[in-house]
Structure formats: C-alpha cells, structure tokens
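Assemble the whole structure, with the sequences as input and the hints as a guide.
The chain contents come next:
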Amino acid sequence: MAVESARVTADVIEANEFPELSARFQVSGVPKIIINDRIELLGAQREARFIEAVRQAVAGAPAEGQSS
Amino acid sequence: MPIISPGNADQVRSYFAQHLQDPVTIRLFTRSRSLLVIPGQRECETCEETEELLREVAALSPSLTLTVHDLRTDPGAGVPYGIEPDLVPAIRLEGKQRGAVRYFGIPAGYEFATLIQDLADVSRGATSLGTDTIAELGALSADVHIRVFVTPT
Numbered sequence: 001m002a003v004e005s006a007r008v009t010a011d012v013i014e015a016n017e018f019p020e021l022s023a024r025f026q027v028s029g030v031p032k033i034i035i036n037d038r039i040e041l042l043g044a045q046r047e048a049r050f051i052e053a054v055r056q057a058v059a060g061a062p063a064e065g066q067s068s
Numbered sequence: 001m002p003i004i005s006p007g008n009a010d011q012v013r014s015y016f017a018q019h020l021q022d023p024v025t026i027r028l029f030t031r032s033r034s035l036l037v038i039p040g041q042r043e044c045e046t047c048e049e050t051e052e053l054l055r056e057v058a059a060l061s062p063s064l065t066l067t068v069h070d071l072r073t074d075p076g077a078g079v080p081y082g083i084e085p086d087l088v089p090a091i092r093l094e095g096k097q098r099g100a101v102r103y104f105g106i107p108a109g110y111e112f113a114t115l116i117q118d119l120a121d122v123s124r125g126a127t128s129l130g131t132d133t134i135a136e137l138g139a140l141s142a143d144v145h146i147r148v149f150v151t152p153t
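Going down the list, the sequences are from chains A and B. Once you know that position 17 of the first sequence is 17 in our numbering, the rest is easy, because the numbers rise by one and skip nothing. Once you know that position 27 of the second sequence is 27 in our numbering, the rest is easy, because the numbers rise by one and skip nothing.
Possibly wrong hints are sitting among the right ones.
[Unchecked claim] Computed from the model, here is a short list of chain B residues facing chain A with C-beta under 8 Å: (1) V12; (2) Y15; (3) L87; (4) G99; (5) F104; (6) D121; (7) G125; (8) D143; (9) H145; (10) F149; (11) V150.
These aren't lab readings, by the way, just hints derived from the structure by calculation. A virtual CB, placed ideally from N, CA and C, is assigned to each residue, including glycine.
Written out as structure tokens, the structure is:
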C-alpha cells in the first residue's frame, strides 16, 4: 500500500530483534499488523479486510489542521 | 561463504531481470560494533549480516544500489529519513514508490521473498492491488502508518 500512496508508511518489523517495540504493541503471534497505533489485525489478511482497517484508522484520525 | 545460495541467487537474478524496471536504492541504516562497551546501548546483533545480505541482493541486478549509513560514525544520518537510532538495522526502499517502504531487522526467511517482491514493486511504482483499493489509497485524507510484526520462520 505504501507503493501506491504517498500517505502510507509501511514497516516490516522482525519482532524478535526489537523486543521493546514488540512488547509495546503486545505482539505474541505473527504476523500482527498495527495501523496508526490503534487498529490491530492478527494473521494474514485479505485485501478487503486490510483496506477496511485502513479506513477505520483514517476515520479515527484528526482532520487536517486539528489536534486530537 | 555467501548468505544467498548459488541456486537462490540465480532465481533472484532471473526474477530481477524480468521484473525490475527502474532503479531502486536500498538504503541501509546500520550500527557497526564499537570497540568500547557503552552502557545502555545494545549491540546490533544482525547489522553485519543484514549488510552482507543486502550487498549480495544488490549485486544481482544493475538496477539496484545499496547505500549504507553507519549510525555509530554518523549518528544523525537517520534523522532526515525518520529512522530512530535504536531501530537498526533499518532498510528503506527508494524508487517509484509514493509512500515509505521500510524493513526493521534482517529480512530473512519468508521476509526475504517479500523483500524481493517489494523491490520489484518499488521499481515499477505499481503493485497487484485491486483498482478500487488503489483509488482509495490515492484519496486518503490522513497519514497511515502500518506496522507488520513478523518472524523469520
């Protein structure tokens, strides 16, 4: 998705190498997907479910120019 | 001894010949080992191996360039790229992608195949996502940060 959109940053994180970051997001199984620090998906996802999660993350974001 | 077996190297070289279109820079942020023990700073256990792996990958196509930033000798090198100094090895793929594609940790095991495919996608600036998804991504009204936690198995 980051290839297609300038708004998207996509990180692939090897959980064992970054235990503090994994603990912060309570990673106990992989793959675990975290979107905007609040939408969580566990396991491989179909495209439709993934874009729905992106929609939820954007819907919860503050509007441009406003603070949360 | 190379990390990528000769057979796999041939496969990847062939894949790149078919699918890499335009140049891609693989930008690696690493931290070489210090001669001194610095309290509070963890050594990067996979940095050396990650750099070697990426050198071998970059050698499989003339369209790939590896650029290495050592945060031990240049601590501020990651700042312009949003790379935190403790999150190394960090890899950015730079080509025709519109957003940011990053890897943290060594892209081994299954993630190696993901890296190879991502290099092709970044080279083309295109993916196999559906047209509706692509349209929606192009119209996002806020930034989206996707973190995918994986393990090498």
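Taking the earlier hints as the rules, which of them does this structure contradict? Violated hints (numbers, rising): 1, 2; every other hint is consistent with the structure.
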